[in-house]
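Engineer: Now for the letters of each chain:
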Amino acid sequence: MIEPAWAATAPALVVAVTALVLFLVDSIDPESNRPALLSGVALVGSLAAMGVALVYLLTGVGESPVSLYGGQLVVDQMTLFFHVIFTSVTTVVVLGSHDYLDSHPYQAEYYILMLLAVTGMAMMAASGSLAVAFVALELASLPSYALVAFMKQNRGSVEAGLKYFLIGALSSAVFVFGISLVYAATGTLLLDGIADQLVEGTALPGVLGVGMLMLIGGFAYKTASAPFHFWAPEAYEGAPAPVSAFISSASKAAGFALAFRVLITAFPVASAGVQNALDWTVVAAVLAVVTMTLGNFAAATQENVKRMLAYSSIGHAGYVLIALASLTGTGDQSLVLGAGMIHLLVYGFMNTGAFLFVALAEYWDVGRTFEEYSGLGTQAPFVSVAMTVFMFSLAGLPIGAGFLSKYYLFAGAVNGGLWWLALVGAVNSALSLFYYSRVVKALWIDEPDEPHTIESYPAALYGAIVVAAVVTVGLLPGLFLFDGVAFDAAAVLFS
Amino acid sequence: MAESLAFEFAPAIAVLPFVSFLVALLAGRYLPKKGAIAGMVATGGSLLLSAWTLFAVHTGHAYQQTLYTWVGGELVDFELTFGILLDPLSTLMLVIVSTIAFLVHMFSLGYMNDDGQTGLPRYYAELGLFTASMLGFVFADNLLMAFMFFELVGLCSYLLIGFWFREAGPPSAAKKAFLVTRFGDYFFLIGVVGVFATFGTSMFGGPGVDDSFVHVAEQALVGEASVNTFGFEPQTWFTILGLLVLGGVMGKSAQFPFHTWLPDAMEGPTPVSALIHAATMVAAGVYLVARMYGFYALSPTALAIIALVGGFTALFAATMAVVKREIKQVLAYSTISQYGYIMLALGGGGYVAGVFHLTTHAFFKALLFLGAGSVIIAMHHNENMWDMGGLKEKMPVTYYAFLSGSLALAGIVPFSGFWSKDEVLYETLVHGLGGSPILLAAYAMGLIAVFFTGFYTVRMVLLTFHGEPRSETAADPEPVRWNVKLPLAVLGVLAAVAGVINLVPVHAVVSAVPEILHDWLYHGPTGLNGEHYHELITNDAFAGYTSGELLGLGETGTLFASAGISLALAVAGSLLALVLYRGPDPAEHTDKLGALKPVLFNNYYQDEYQVWLAEGATVRVARLADRFDRGIIDGLVNFVSSLSLFSGDRLRRVQTGIVTNYAALLTLGLTLLLVAFGVMQGWFV
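In order, the protein sequences belong to chains A and B. Sequential numbering from 0 applies to the first sequence in numbering that gives the first Met the number 0. Sequential numbering from 0 applies to the second sequence in numbering that gives the first Met the number 0.
For reference, chain A alone in the conformation it holds in the complex:
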């Protein structure tokens, strides 16, 4: 417990305040051209938030959930775990953005939008009612649209932003419609209240079922899962690469945080109402198979590295959906959920790192396709090693923690009786090695047509990539020591 209770939301507050500080700085000196100040403030803010979240998590502030404003906000260990994911991704992305934005105008707006989006994500992970969930989702989404379209002079960026916004608007409509149907069936928006209403069953299983499915649609949109994934390849490809990193890692994690929270708390699989209306683990299983197969197959045929990463990101959403599908009530539930959370944590680092490498390539203007990456291994060996680590870790080779988190996921699925789903996951994983290793091959083995001209080695972007790589590798042994934190955090949800 913590006194006063609102202090439990400190990670979100720190991020929000940092956004306001940046706003202040920008309004005092709007014409300023001091990128180091802006990125510095954003970095300090996200670091501070990460520190607070870590301290809270490790000291067990959320071991008995802190309920605020009549249950509208809930801070437990899982909330804090996700706060660590959001803030650490933000830290790395902010660090990488410093060089990427270079002398681009409106940098203050960039960081403000990003920090506001993180605030929204933090609220998503802490939402205790569907109303808060919707508002938080919008708070996370709206800045994201603007961020994707941040390169105003770049047609691709603007187009991607618009598409993202349109699909997002449609998905939000589905989501909010789902909320209204659930409200119609249960008469409450509080997650705990919904669960209480469903213990005895429901008089309107059809209404509730459609509502739940539409809620799941909202989650699918945020996590870029099928069939709500169409925005993702476009948005990730068109957006500035650091923004792609941010959205594909943090935003996806936020979607899952919300999905875990809502589905587990409000719609326990065992309760009679849920059984009558919709067994959402089956929906998750279907979506998992479709999403990972679609993501991996489409990724295999891409020529553009960034677009490949976009589809791979869809594939990884499919892997995490395995965790959701395995919450069938049999087996060790906290193991399954913890596995999903661990995968999101690891994914946050390895995927962010991979996108930042793309950012670096864009910074150097080497091009976007696999062929154009060839020979980078000799000219920038340091980051190329890091990229190799990211690729192999994403594929699940035991060079980074991606191996272990995937292993936990599949083990959790087998544990929950869904061995066939684990098998599909493993096959998909094997396929993914094909396209990930294409990057490695291009970097180290292929000869470039003409040598790249690399003029400078941006320190901050390098630093961000190295941090991501070190954490990716370090978590491999680290998880053996600290995976208990995730499993304990997951266990709070079931107690």
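These aren't lab readings, by the way, just hints derived from the structure by calculation. We put the CB at the ideal spot given by N, CA and C, even for glycine. Hints may be right or wrong, so weigh each one.
[What the hints assert, rightly or not] Per label pair, the in silico range of CB-to-CB distance:
#, chain 1, residue 1, chain 2, residue 2, range
1, B, Glu232, A, Ala429, 41 to 47 angstroms
2, B, Leu644, A, Leu57, 42 to 48 angstroms
3, B, Ala440, A, Trp418, 44 to 50 angstroms
4, B, Leu644, A, Val16, 27 to 33 angstroms
Go by the hints and put chain B onto chain A.
Structural biologist: Same frame as chain A, now just chain B:
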């Protein structure tokens, strides 16, 4: 207190040489003797610690400790561990291995460093790793750990044989040694898995071990325990397991038909030949049989096969040694032959005799190899005995040490080899007379081999050291230094007197003279001592050997008759060689062999048929497998991958870039889900 302290330090016996491996590998270049000193310090330390544990076992008890469990826990119903087992057998072997490793390191100073060889850090690193793996193998407390170190030993052997990898011969010999021993190890590995599947443990036993697989097997045979024998009779199944493990033993100990790698392995540096191919690695095979002797003693079939293989190999290799021209080749074949004797002893129920011969042979064969190394230094790396002669006056220390080793090898009284070889033959004889005609056949082969052994040994000594020098280098040999002479002197003395540890014939007459080794091995921990093995051997439920005696001579009479026969044959062989090859300028007599000559020179065409097996049979099968793999398996894989790429391409086209299409598809997807789950959950009813 001191005793437990010795056991606490015991793991360091293997760790020390491993450290010297690391030192030589990482910093060998900067060290004064390129890692030799580090190696000597480490092996010297191992020797002292081994001696300490030997003493501790002598005054106290055996010791077993599990050091590390790497697979285990509640979810798995068996444990895979690393641990050490210190009992009379393993401590004795530790002392032997570390003594010889120490002396070989010292000798290498003369053979490698003084000769200005390059790549010395690599050499000493490999020697260190080899010593560490061998010592780890010796004190392993379970079969799986033994297997792992067994493989490490094989790897080091490969590296050391191929030390001069820029020449044509060594890499090829290294590959051959690796492949041939690996072939045997396949069976060993299957055996290890079989032991786990059957008993759920692979512990050898020792104090504190409740259920060793050896003990469980024994109980299963008398009906006190039940194990999964996969539908076989327990004794049949245990015989199969024993024979599978024996595959590895025969590969490492160069028993027929896996002996072909050892003569080729002489391509390695001579100190390596002494360490690996005489005293330790080859000993690993037979040591393993001794280690799990309680298991083999349960199966008369396995014992008979061991004895037959041993006796045949002893004779077979001895006949090939008769015609060899290179000094190291003679020694190589004599090694194969002598290990045949050890196998013969173990198979014939002579556990103590086998360990005894293992001990004496380790010393005199290391001595002979180092002596040969000294000669080779003197001869500027010419190994042909027909180019030598007359080295006796030029290198007296080498000569007398070599002579001591040779007499031991030939089995001339009172040198150590006589006592041990005699006991080997005696044990086999009495058990054969006790109603096992197969053992008698094996004994007969071993006995005939004694004659050949005497012959080729004396021939080797005469050609090398006696007569007139037959080349310029022999007339003016390169002098050798203390670091060569000292190991020779030490081993020369040991080869002469090591027999005192088990003077069985003397003990039979004057019972005041102790049979030290016999008592030593009998006092081991429960289930792992010679006494227990003797009970197993003579129990009808297990091997069921009984002792017989020669027509009316009585026990002591048989003992002396056996000793007399073997000594007479050894002397006869030696005298024949003396007659043929004495004088200042001996002639080659191989032509007198007639049609046998090419057969012997070509080693009974063993290599030829194994090459045919490899090239004619294996390559053909491999080609078929390759065709299957490429056509069917790869075809399938290629089909799957092109299918994936094709469908991936289709999926890609769904992403048209037109946002209204996306909205439509999204809505369509949601509708599909709604309809499907609506029907499934019955919302529309």
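Engineer: Next step is simple, just say for each hint if it's right about the structure.
Structural biologist: Hint check results:
1. The given range of 41 to 47 angstroms is respected by Glu232(B) and Ala429(A), whose C-beta atoms sit roughly 45 angstroms from each other.
2. Judged by the Cβ atoms, the range 42 to 48 angstroms given for Leu644(B) and Leu57(A) holds: they are separated by roughly 46 angstroms.
3. In this structure the hint that Ala440(B) and Trp418(A) lie 44 to 50 angstroms apart at CB is violated, the actual value being about 58 angstroms.
4. As the Cβ distance of Leu644(B) to Val16(A) is approximately 50 angstroms, the hint placing it in 27 to 33 angstroms is violated.
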